[in-house]
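**Student:** Here is how the chains run, residue by residue.
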Amino acid sequence: MSQTTMDPRLLRAPPKRKLRLSWADERVRGLVWQVLVIGVVGAVFYWLWSNTVHNLEVRRIATGFGFLNREAGLPIGESLIEYSPTDTYLRALLVGLLNTLKIALVGIVLATVLGTLVGIARLSRNWLLSKIAGVYVEVIRDLPLLLQLLFWYAIMQSLPGPRQSLNPVEGVFLSNRGLKLPWLEWQDAHTYAVLAFVAGAVGTWAWARRATQLRLQDGKPRPVWPVALGLLLALPLAVWLAFGAPWTVDWPALRGFNFRGGLTMTPEYFALLAGLVLYTAGFIAEIVRAGILAVPHGQWEAAQALGLRPGAVLKRIVLPQALRVIIPPMTSQYLNITKNSSLAVAIGYQDIVSIANTTLNQTGQAIEGIAIIMLVYLTISLSISFFMNWYNSRIALVER
Amino acid sequence: MSDITLGTAVAAAPEAAPRTAPLSQIGLMGWMRANLFSSWINTAVTLVLLYFVVRWAIGFVEWGILNAVWSVPNNQTQACRDLKGAGACWAVITEKHRFILFGTYPYEEHWRPALVCLLFVALYVVSAMRRFWRKELVLVWLATLTVIGVLMWGGVFGLSYVPQERWGGLPITLILATFGLAFAFPLAILVALGRRSRLPAIKALCVLYVELIRGVPLISLLFMASVMFPLFLPEGMNIDKLLRAQIAIILFAGAYLAEVVRGGLQALPKGQYEAADALGLSYWQKTGFIILPQALRLVIPPLVNTFIGFFKDTSLVLIIGIFDLLTAGKTAIIEPAWQGFGVEVYLTVGAIYFVFCFAMSKYSQGLEAELNRHRVR
Amino acid sequence: MSDTLVMEPGESVASAVRADAPPAILMDRVNKWFGALHVLRDVTLSVATGERVVVCGPSGSGKSTLIRCINRLEQHQEGRILVDNMELSDDVRALDAIRREVGMVFQSFNLFPHLTILENCTLAPIWVRRMPKAQAEELAMDYLRRVRIPEQAKKYPGQLSGGQQQRVAIARALCMKPKIMLFDEPTSALDPEMIKEVLDTMVTLAEDGMTMICVTHEMGFARQVADRVVFMDRGEIVEQGAPAEMFENPKTDRLRLFLSQILRGH
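Residue numbers (the working numbering), protein chains in the order written: chain A, 1 to 400; chain C, 1 to 377; chain L, 1 to 266.
A few of these clues could be false.
What the hints assert, rightly or not - Dumping the calculated SDA-like pairs for lysine to any residue here, alpha-carbon to alpha-carbon at most 25 Å:
#1 A:Lys-315 to A:Val-325
#2 L:Lys-154 to A:Gly-219
#3 L:Lys-177 to A:Ser-158
#4 C:Lys-362 to C:Ala-128
#5 A:Lys-131 to C:Lys-270
#6 C:Lys-203 to A:Asn-392
#7 C:Lys-84 to A:Ser-158
#8 L:Lys-155 to A:Val-318
#9 L:Lys-133 to A:Gln-217
#10 A:Lys-131 to C:Lys-203
#11 L:Lys-177 to L:Leu-199
#12 A:Lys-315 to A:Thr-116
#13 A:Lys-131 to C:Gln-365
#14 C:Lys-270 to A:Asn-389
#15 C:Lys-203 to A:Trp-49
Don't read these hints as lab results, they were simulated from the structure.
Isolated chain A, as found in the complex (with noise of 0.2 Å):
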């Protein structure tokens, strides 16, 4: 076949349709729908809108985000960074940001592990402790966050006064003022040392990594754990000793009406993230052993057969296909315990829906606040979303 003229029927472009103006040609319909629909929604949106502009001139309130950058007023009880109530309402509102990340964040590690446990702890073959894990999981299931936030909260707060708070253990008071923890003087050799080891543990994941490397070379196995102690452990340690080992615990002490000194969680917080966390776990439980269940026993079987030891068997067949089903759900809970966390308001904790709902109050402009909230939760949830959507067409099983 000659190489330079190629076959004329496989150059013509297909053919383009043409549009007649009938009710009979489908795009022609198609047309009009949308059209008709976009009228309609336009029309309602503009109506809407123009009584919204009335009415904002009748009512003399003002529009624009010029707000933000008046004095607040607002008194904040926890912040994690500098505030007071002469700051301006942008800088309280990122207070408000920060404490609901605050929750956010470690209201999502903890849910994770302790749903984790829940859930294994249902596909345990001990009836007792999967019946109990059953019961924790169905309850909180049935109950609404709400009710379960307004629970402990109640709790905390008919918990004793300061001076005759719970003493559990050493150091730890627990009052209807919050917890109170001893905490660590934090000096210089001690971050050195966390530094440490975050640098042990990269190293040791290199090392790990060197240590498969080599062994798909020559089949020889190579021990991960000595370096693991070295790296995570002693190093941490050295340098700590290097820089004179300080160690001073700063206790709680009783000194008038509260406690001075110590790590402080408010009863809001306590309450807030015992709630939060009680309540995802129980949906993660049920994520995690579906997951686990999804993965057929013949894979284990398997596997087995093969002669691979448990561990092999869990690391290199059974979680990567468990995974799979377990990351998309997942994150959305976590999703979940984001914007639940905006149910503070009901208990007095001051995340970022409820300084702006002051905010708006105070300031009289609704339109601008909601949108602040909106547009904070917007921001979150798509920039999950749109995690969730790559790691999922990543990690998709290849199928015909």
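Got chain A; can you put chains C and L on it based on the hints?
**Tutor:** Below, chains C and L alone, put in the same frame as chain A:
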């Protein structure tokens, strides 16, 4: 192969009689051995758990029953306070249960909200039974919801008029959840169909709606309803707070239900769509007769689970000041005499929610098992 | 090593039994219960090295349970099982050694869907037999060539047909160079047109002298390949013998009934 006759002439090879399994394998002993004491770790875990369970059970019985105070005369709660937490003060329930259940509804007319609650339960039960899954069910819903409206408002048939501000408690929770589902469901179907449409404008609109609503917490929608809706309406036009909250809940539920319905539409084999097209059915005929009936049946368990979620989410109206069951509970303990007995009230309110949600959860699980049984041949 | 896979119909594979070696598998009065159900009753079976045994019987007869006990996917409660002169017990090291020498092919293939075909085959040699990766890949490609699908090495199981997947499963088990191969109804989940390709692969294996125990309904395969056919019913071995003997002169009623049921229509 030639005909085989089971000749009675040739004796069958004697079959060894089955022996019973070793004693340690069967019966209660065997079960306990396998499930509770199969290894050292297992035994240790069982013993630790038993210890804690027994301890907490005893503690709860002591607190909740033995040391509890069941009623006090005339709001004198000193007897309760003297307990100092060693016993439950169920007196708060004895005193306040009417308030918690029905809010500030006029005392003599309490039979009306009570009847309304029963009607809702009956409606759920009837809808759950498969033999009633016919078109007439829609009429039943419409009729029941109208009757409920008449009972709550009154003003006709000799019933005294009760304005909406005085409604409260369990009926509000049921109203918000049920009317929410009733209106959100058709909306969700339309949005799910729209999302699968090939017309880009409609698809974009539906995607926007769903992603926007699912990305924000319900609280922000409720705030929007309570604070922003009045601004959206022309002067003089007023919608009361309950209706505004209801609209917000409908919009919220619609987005989540749309995703569930969309899952069903996707799970339906393409062959169904193609067969309907091949028969010459129009889009709406195809959707109404073939696609929706099957797709909706496929997703009933997740639909019920989503409904359980809404049922619980109605409690959020506490934050915008609407009197549902949870709000009534919280308000009951605001007065100084009853302050501090939140635990008892929340346990009771929790029990009510639990009964509803647990029943729905078990129903959904049973339905799922049944549907799977039919599918796996 | 033979490369041809096509046999003339009626031709049988020559016997490879080594009478001088100790038995590959020895089962002595093995009993197993599932809860209260007695599924294996006093099963005594001895398989010589190089012998090919086909186990058949009605469903529920315990034949799958029998071979799953050999690599301890099921645990027996009474009796002894010796594989390659090592006793099957709770000893983990003995179990590891036994599983290295026994390969298994499942009815539902059980390929690992998240690994490529090549990775499926090299997984165990690398991580259990500690082979270098390059050597394991060479070995895997060799076996994939023998089952005649070397070109699929980089694909994923989901992209292959049922017959191809089962042949990969056979290659995967062979990559561990086992002394004994167990087949648990390898063709029962396949469409009819794919059964032949898998059976042909198994015939080649038999020609190479592999000790095989095969649970199957394919009586043609049994006639061609088996040194011995074992008939099980309700948990016990009812009859066993050379295939020709068993099929032409069944001695017990139960075997006669079974043969009439499966050979109907042939």
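**Student:** Against this structure, judge whether each hint is valid.
**Tutor:** Evaluation of the provided hints:
| no. | hint | result |
| --- | --- | --- |
| 1 | A:Lys-315 to A:Val-325 | holds (15 Å) |
| 2 | L:Lys-154 to A:Gly-219 | holds (22 Å) |
| 3 | L:Lys-177 to A:Ser-158 | violated (69 Å) |
| 4 | C:Lys-362 to C:Ala-128 | holds (12 Å) |
| 5 | A:Lys-131 to C:Lys-270 | violated (41 Å) |
| 6 | C:Lys-203 to A:Asn-392 | holds (23 Å) |
| 7 | C:Lys-84 to A:Ser-158 | holds (10 Å) |
| 8 | L:Lys-155 to A:Val-318 | holds (20 Å) |
| 9 | L:Lys-133 to A:Gln-217 | holds (6 Å) |
| 10 | A:Lys-131 to C:Lys-203 | violated (46 Å) |
| 11 | L:Lys-177 to L:Leu-199 | holds (20 Å) |
| 12 | A:Lys-315 to A:Thr-116 | holds (16 Å) |
| 13 | A:Lys-131 to C:Gln-365 | holds (17 Å) |
| 14 | C:Lys-270 to A:Asn-389 | holds (24 Å) |
| 15 | C:Lys-203 to A:Trp-49 | holds (23 Å) |
The structure fails to meet hints 3, 5 and 10 from the earlier list, while all remaining hints are met.
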